[in-house]
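Both chains come to you apart, so use the hints to assemble them.
Those protein sequences? They're chains L and U, same order as listed. Those letters in the first sequence? Residues 1 to 485, by the UniProt record's numbering. Those letters in the second sequence? Residues 1 to 435, by the UniProt record's numbering.
No lab work stands behind these hints: they were computed from the structure. Each residue gets a CB set at the ideal place from its N, CA and C atoms; glycine is no exception. Be aware that one or more of the hints could be misleading.
As the list claims (entries may be wrong) - Chain U regions said to be covered by chain L (calculated; three or more residues, Cβ under 8 Å):
1) 48-60
2) 311-323
3) 337-346
Stated by the list, open to error - Which chain U residues stay away from chain L? Per the calculated CB distances, all over 10 Å, these:
4) Glu117
5) Leu138
6) Met173
7) Val288
8) Ala326
9) Pro327
10) Thr350
11) Gly355
12) Asp384
13) Leu423
14) Asp431
15) His433
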Amino acid sequence: MKTWSSSRWKKPAQGALLATTLVLGGCVSVPYADDVRDVRSTLGPRWTPEVPVPALTGEAQRGEDIDAAVKQLLAQPLTADSAVRIALLNNRDLRAAMHELGIATGNLVQASLPPIPELELELSKPGGEHELQLGVGVEYSLSDLLLLPQRRGVALAERASERARTAGEVLSLAYRTRLAFYDVQARRQQLELRNLALRNAQARYATAAELEKVGNLRALDLATERSAVESARLAVAESENGVQDAREALNVLLGVFGAGTQWTVDSLLGDPSDALSKQDGLEARAIESSLDLSTLRGRMEAAELRRKLAATEGFLPDVSGGVSGEREDDRWQMGAHIKVGVPLFDRKRGERISALSSRESLKARYEATATAIRASLRQTRFRVESTASRAKHVRDVLLPATRKALEETVLQYNAMQLGVFDLLRAQDNVTNAASTYVDTLLEHHRARAALEQLLAGRHEGLELAPTRISAAASGSGSAPASDAH
Amino acid sequence: MDRREFMQLGALAGGTLLAGQALAQTSSNLAPVRAEKPRIVAPGGQVAVVTPNGSTLPWKNVRGVKVGHLVAMPVKHTFAPGLEVEAWGYNGSTPGPTIEAVEGDRIRIYVTNRLPEPTTVHWHGLILPNGMDGVSGLNQRPIAPGETFAYEFTLNRAGTYMYHPHYDEMTQMALGMMGMLIVHPKRPRGPRVDRDFALMTHEWKVLPGMRRPDPNAMSDFNVLTFNSKAFPATAPLIIGRGERVRIRFGNLSAMDHHPIHLHGLYFEMTGTDGGFVPESARYPETSVLVPVGSTRVIEFVADEPGDWAMHCHMTHHVMNQMGHEAPVTVGANARTIDQHVQALVPQYMTMGQAGMGGMEEMGMPVPTNSIPMMGGKGPFGSIDMGGMFTVLKVRENPEAEDGSGWFAHPKGTVADKADPAKLAADGIDPDVHFG
Numbered sequence: 001m002k003t004w005s006s007s008r009w010k011k012p013a014q015g016a017l018l019a020t021t022l023v024l025g026g027c028v029s030v031p032y033a034d035d036v037r038d039v040r041s042t043l044g045p046r047w048t049p050e051v052p053v054p055a056l057t058g059e060a061q062r063g064e065d066i067d068a069a070v071k072q073l074l075a076q077p078l079t080a081d082s083a084v085r086i087a088l089l090n091n092r093d094l095r096a097a098m099h100e101l102g103i104a105t106g107n108l109v110q111a112s113l114p115p116i117p118e119l120e121l122e123l124s125k126p127g128g129e130h131e132l133q134l135g136v137g138v139e140y141s142l143s144d145l146l147l148l149p150q151r152r153g154v155a156l157a158e159r160a161s162e163r164a165r166t167a168g169e170v171l172s173l174a175y176r177t178r179l180a181f182y183d184v185q186a187r188r189q190q191l192e193l194r195n196l197a198l199r200n201a202q203a204r205y206a207t208a209a210e211l212e213k214v215g216n217l218r219a220l221d222l223a224t225e226r227s228a229v230e231s232a233r234l235a236v237a238e239s240e241n242g243v244q245d246a247r248e249a250l251n252v253l254l255g256v257f258g259a260g261t262q263w264t265v266d267s268l269l270g271d272p273s274d275a276l277s278k279q280d281g282l283e284a285r286a287i288e289s290s291l292d293l294s295t296l297r298g299r300m301e302a303a304e305l306r307r308k309l310a311a312t313e314g315f316l317p318d319v320s321g322g323v324s325g326e327r328e329d330d331r332w333q334m335g336a337h338i339k340v341g342v343p344l345f346d347r348k349r350g351e352r353i354s355a356l357s358s359r360e361s362l363k364a365r366y367e368a369t370a371t372a373i374r375a376s377l378r379q380t381r382f383r384v385e386s387t388a389s390r391a392k393h394v395r396d397v398l399l400p401a402t403r404k405a406l407e408e409t410v411l412q413y414n415a416m417q418l419g420v421f422d423l424l425r426a427q428d429n430v431t432n433a434a435s436t437y438v439d440t441l442l443e444h445h446r447a448r449a450a451l452e453q454l455l456a457g458r459h460e461g462l463e464l465a466p467t468r469i470s471a472a473a474s475g476s477g478s479a480p481a482s483d484a485h
Numbered sequence: 001m002d003r004r005e006f007m008q009l010g011a012l013a014g015g016t017l018l019a020g021q022a023l024a025q026t027s028s029n030l031a032p033v034r035a036e037k038p039r040i041v042a043p044g045g046q047v048a049v050v051t052p053n054g055s056t057l058p059w060k061n062v063r064g065v066k067v068g069h070l071v072a073m074p075v076k077h078t079f080a081p082g083l084e085v086e087a088w089g090y091n092g093s094t095p096g097p098t099i100e101a102v103e104g105d106r107i108r109i110y111v112t113n114r115l116p117e118p119t120t121v122h123w124h125g126l127i128l129p130n131g132m133d134g135v136s137g138l139n140q141r142p143i144a145p146g147e148t149f150a151y152e153f154t155l156n157r158a159g160t161y162m163y164h165p166h167y168d169e170m171t172q173m174a175l176g177m178m179g180m181l182i183v184h185p186k187r188p189r190g191p192r193v194d195r196d197f198a199l200m201t202h203e204w205k206v207l208p209g210m211r212r213p214d215p216n217a218m219s220d221f222n223v224l225t226f227n228s229k230a231f232p233a234t235a236p237l238i239i240g241r242g243e244r245v246r247i248r249f250g251n252l253s254a255m256d257h258h259p260i261h262l263h264g265l266y267f268e269m270t271g272t273d274g275g276f277v278p279e280s281a282r283y284p285e286t287s288v289l290v291p292v293g294s295t296r297v298i299e300f301v302a303d304e305p306g307d308w309a310m311h312c313h314m315t316h317h318v319m320n321q322m323g324h325e326a327p328v329t330v331g332a333n334a335r336t337i338d339q340h341v342q343a344l345v346p347q348y349m350t351m352g353q354a355g356m357g358g359m360e361e362m363g364m365p366v367p368t369n370s371i372p373m374m375g376g377k378g379p380f381g382s383i384d385m386g387g388m389f390t391v392l393k394v395r396e397n398p399e400a401e402d403g404s405g406w407f408a409h410p411k412g413t414v415a416d417k418a419d420p421a422k423l424a425a426d427g428i429d430p431d432v433h434f435g
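Chain U with its partners taken away, still in its complex shape (with noise of 0.2 Å):
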């Protein structure tokens, strides 16, 4: 009996496998909803803004104001099946709505607070007036449990900006109060582009078994999120082969930055929250670190189809739920410590003696509320990967894909076992040694 055999049994005999049941009673509902075909919403035949996992803020149209409503209040978020908590959010949800209008509009946006403490919203990265900013404080006085305050202003500066508390925001922002908030410019700049999506990455700090993000964490945040949502649960960001893609990325992550890799193409960074990049300040990236408290967007054509990883490059990032307080047991032989502790704790099974890949394949059973630190169903078997990960799906018709198939590659084009003649032929000695 190896390894994994003797923990399926032990998890077996040990009972539940709630995460990975979870994962797969549900992973059908973690397809992203069918792609649509891209909505106008600004002059110019400008996009709306696609936000994964997340939604839009409907406006009403009150004598040429767009009015809106915030309700800042306790949620249920669910980051990936198996990983529940009580948020904050708005609306509902975290992040909230994303907020989506057009430069010159006039917006009037209420927000009703059903926090159990006073709460204000401020604007990040608009300019407007200064009894608007939402400091509180400074620019207003709190909002009280239960009251509903009112935001006016017009949007002069088109962009891509966030929202968020500025009062106890260590403790709101934390559980999950934030949102984007995007003001397409009246006429449009530049190339016209065919998908316009939204991605607010953030951290949290949820040790397994607890039910609420930890707000006082400085550091060990273990769950990485784009838009409130850990991979596996991440919807995939599905677009056609040639189309021209913006990607907006916020970070209200209390204390990282990201740098969002992307595989399989470059792009350009266009904006940041301050505004937009001009052309000649642009060059070719294929990350994109995006910091603390700031918004970055990046513009690029996909002209290679596949399913490409799109991630937070910080190793940790990519990890569920990730603990540290374990020691090493690489280069261990396991057999030695598992007679001994075996004895004593007979569900015990060394892990790690040979690297940390494949354990969420193992199906440990693991505390009430927590999710393996890593894995995702992939066409090659689990992919070793969590956290602020998702794929970007290059597709020749994305109308057509639901984000649940994965892509055919033509026959040749993945990498696989070498041929030992083809081996031979090109002079590789796989048993050579080094030192």
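Pulled out of the complex, with its shape left as it was, chain L reads as follows (with noise of 0.2 Å):
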């Protein structure tokens, strides 16, 4: 675990603040584009992701490009990257953050700026004879100004730290949006599965009801499968208010409304992987790309030189001096002086205390998550593995093993030694086993997006929680028909 150091504060890109700093002096306008550019600057070597990051774009404004660009990408059937790409295109909470990264600018070009000289002018007319008398003076505050770098350098590390903190959630956006996407996926597919778990239903009702209709079943059995579809029917309604659920939410992540919700999915959550997994040293690359810690870091580093500055200026006499001018009898009589505020009474002392215990603070809690990192990383990371080896076995094991039941079924079926309403049952145990496959895929690529996530630099909103978004009430599982007569 790396510690923290003050000399990793310094950040490469001061260089273009002051410059910024420059031009802004002059004159004002939002300095997107540029908080923009250094917040891909922080992301690049952190993204993961194959969506490229210029995709979060510079313009402060929605313009036709972007809206052209998102109507393209919305017309396809998206993918988890087009969605991600749409999110980081339009989302507004996002710009919503970019903006906000964009205060800590201002405040930054303004800590900056040397303070104003005053000038003061005085008029008098002593009255009598006496003409009208010219004071001229200026006066500049030269502890401000010897305090300029102190200040600016507090408002530097404050805005790297909301730097690191908008790069977080470029990349907790991205992350959302992938896991919504995930969920429609999944949803649609369980919606699937469950439309054909009531088709089982029914086709048991059906058959029930011929051989009712005839006097070979029981009504009581006949019930029984009338019970069964209607709670298979209940399933697949509440599956497709899930499916409704999940891309209202995703929706949201990619800002669209009206007719951009009409977006399409055709694609299958992809087979598991546990590649990622697999490499060694990711404690260590969670740690380094951080970006929970380096927001931390920045805060910590801004505390640190609030405290330096408060200590300066609680021992800094306030210096500030002049000159002046007065215009009497057609002369001008000139002079200067200086003044100095001596510290008496208010040495800044309430001003260090506060900046050194939120320097503590945050370093303790640096620490604490520095820790949590870990411990996610480490549950993340089993989380892919058992993930990956669950859905294997359930596509290369489960699955098969209930298709071989079902084929066999049809053998005793055949061989009379088991009934329609077996089939079926053995039918649903394969259309039961394909939702497991579909849970546990799921989950998979949910723990898969978080461990990228992790790497990337984000830890703040994981979500590891089960996820079971199979309808619970399949109508699989009531009773059913009996097959003896």
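Set out below in structure tokens:
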């Protein structure tokens, strides 16, 4: 684990910001494009998703180009990557986050400006035959000028912290978009499977009805099958709600509404992969790239600089000086003065205590966060591996086993050892195994996205909770009509 | 496309027709051995017992004692082509070889145990020294695996008997350990017979796809056999017209008696495992109930030539691996069911909505190691029976028969579609309605 060190706080982007300061010193505009570039450069080495980070647009306002790009992407069936690209282009919360970085940039610019000289003009008319007297004085706070680099340093550190936080927001958006997309995929697949289960229940009921009609089945069995159909129908309705919920969650992240919500998805959840989790040194990578830790480091640096600034202010007399001229009797009398405020009573002790406590608090939080990141990395890595293993087991063992059981049930049916209801239950087992596969795949993709998120530098907001989204009441587990007679 | 065409297509697509193919490929192997001229083995011209699908224990004569050897052992046994099981038996077969001797013989039978558990042999129905009776724990200690015991006694009473274990008989008999034991009288009794057959009836539970009979079964027996063979693998009994025939039935089934019914003739029961039935007590019959743990001997003269069915009259006993878990579909509209189920399981086809007849001809793929519930080749199509079923072939020249041919009916002696003119002449309206 890398320890906190003030030397690591130096930012390579200081020069660019200084230039920005100078440029913006005269005229005012939103520094959106520069902030985006800065965030991109921050994300660059961390960005592991397939979507190129330049998809994060530098346009301060939504433009026609952006709308066209979003429309073009929405017109095609969505993929996880295209969904992320749309979100980067179009999500308003992300735009808001970028503007919040602009606030910090503005603060930095402001803190970089030298103090303003104070000009004093004095007109007086003593009366009588005395002429109008003119006095001119200029006073400049030397203390403020001396403290300028330190104040700027504080603002610089605060902006660096904000930049890391904003970069984290970008990662978070990409992550949440990816999760939402997987959720849509999984729920669509589950809906298809629930429909299949419904058709199975309907087939059992139709068979039972036919047999009951000709006197071969009890009314009880028919009623049981009817209840199974209705349970399965309910499961389909729940599943439809699930799909709609998932679509709306993704719509929010994509920032679309109206016609923009008519996007389609035609791909299935991908096969499991655990290649990434097999790599070594992932914990160190997660710590190294952590934007959460970068944010904390920036805030720690700012707190430390605030403490130093307060200390300097507490011991530095408030010095200002100036020159003055007074015109009297057509003559200018020139003079100079210097003012020294002695900090006898206010030596900024309170500010120093506050800044020091803030720094120590952040340091403790930094260490706690690092510990949490390591734990999350291990947990996520295990989840990726276990879900991949489980998904492969379901795909390669359980599903074939249920299909084989179905084939054997057909043979046993042909041999009149089992009945049509047994056959349909065996088919339902295949559907349920497929449902388990979808659930497990979803859990795997969520875990994998979380692992990528951790390695990209974002720890906050990870979602690793078990994700069982299949409808509980599939109708397949209901009491069967008796095959016996 | 009708139901059968569909199923034939399904069978082609679905893979194997193991049982059907096996039956077709090996039907020639199923033919009974060429009928031999009856051998004389006992005084008075008493003919040797024939055990269809079985064998007779060979003797060595050692200083006046007939010495034989039974080896109790696991056996791979085929009930009918397509259904092979891991059974237990004697000398490589189930039932074991028929033991055949003559009243007054002293016999010594060595029994070697190659089973994984102890065993004994009980000589069912014989009167003998108590220590030779073969009840484990009561009369003897059990024969441990690898040991060989000697049983020796004199056969004092002619009759039809059996042998079987009396140690863990539930398992050992359920797996096939049994055999017939015939003692010919020293002096023949009654009319001389020309043919003498031994048939051991038995019942087994072998679910389709399994390879070992279930010894825990107390019901649901689904393989019913004569000499451990199920139709169509049962060897027919070939006899000559006018010959006097004796059939000895034994029953070591676990739970069921078997009413054996003969077509085309009547008979009299002449013996049990208790002895001979007095002539005054005999009466004509066409079915004989063979109770569990008993033998029954019948005798008859077959006057009418032909291929005559002989079978247990319990209808499920003439089925192979009959299942009864499926719902009854008789009367149901198969199309309604099919359209729903086939959408999910394309291989599915509703069966039995018009009854169960002709199922075997559908040729549906079935589990490995299983055979159709019924069906064997006959001269007019499939014989819609199985299990405890065989054919009595009454022929003018039985020695010329190998059992694979069918009776040639004289013209006009086979039931067939009625001539409409004759129907009308006889005042029969086939479209008449009742109720």
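Given as non-interface: U:His433, which should sit over 10 Å from chain L by C-beta: 21 Å, holds
Minimum C-beta separation from U:Thr350 to chain L exceeding 10 Å: can you confirm that? 7 Å, violated
Claimed clearance of chain L by U:Glu117, with the beta carbon kept past 10 Å: 30 Å, holds
Status of the stated non-contact between U:Leu423 and chain L (beta carbon gap over 10 Å): Label holds. Min Cβ-Cβ 32 Å, cutoff 10 Å.
Taking the shortest Cβ-to-Cβ distance between U:Leu138 and chain L, state whether it exceeds 10 Å. 40 Å, holds
Is the listed coverage of the region 48-60 of chain U by chain L valid when you require three or more residues with a beta carbon under 8 Å from a beta carbon of that chain? Violated: only 0 residues of the region 48-60 of chain U have a Cβ under 8 Å from chain L.
U:Asp384 and chain L, when compared Cβ to Cβ, separated by more than 10 Å: Answer for U:Asp384: holds, closest chain L Cβ roughly 14 Å.
May I ask you to check that U:Gly355 keeps its beta-carbon over 10 Å from the closest beta-carbon of chain L? Consistent with the label, U:Gly355 stays out of reach of chain L, its closest Cβ about 13 Å off (over 10 Å).
Is the Cβ of U:Val288 more than 10 Å away from each Cβ in chain L? Given a closest Cβ separation of 30 Å, the condition holds.
Exclusion check [U:Asp431 not at the chain L interface, CB over 10 Å]: Holds, because the least Cβ-Cβ distance between U:Asp431 and chain L comes to about 24 Å, which exceeds 10 Å.
Count the residues of the region 337-346 of chain U whose Cβ falls closer than 8 Å to any Cβ of chain L, and tell me whether that reaches three. holds (count 6)
Non-interface label on U:Met173, tested against every C-beta of chain L at 10 Å: Correct as stated: the minimum Cβ-Cβ distance to chain L is 25 Å, above 10 Å.
Going down the numbered hints, you'll see the structure goes against 1, 8, 9, 10, while the others check out.
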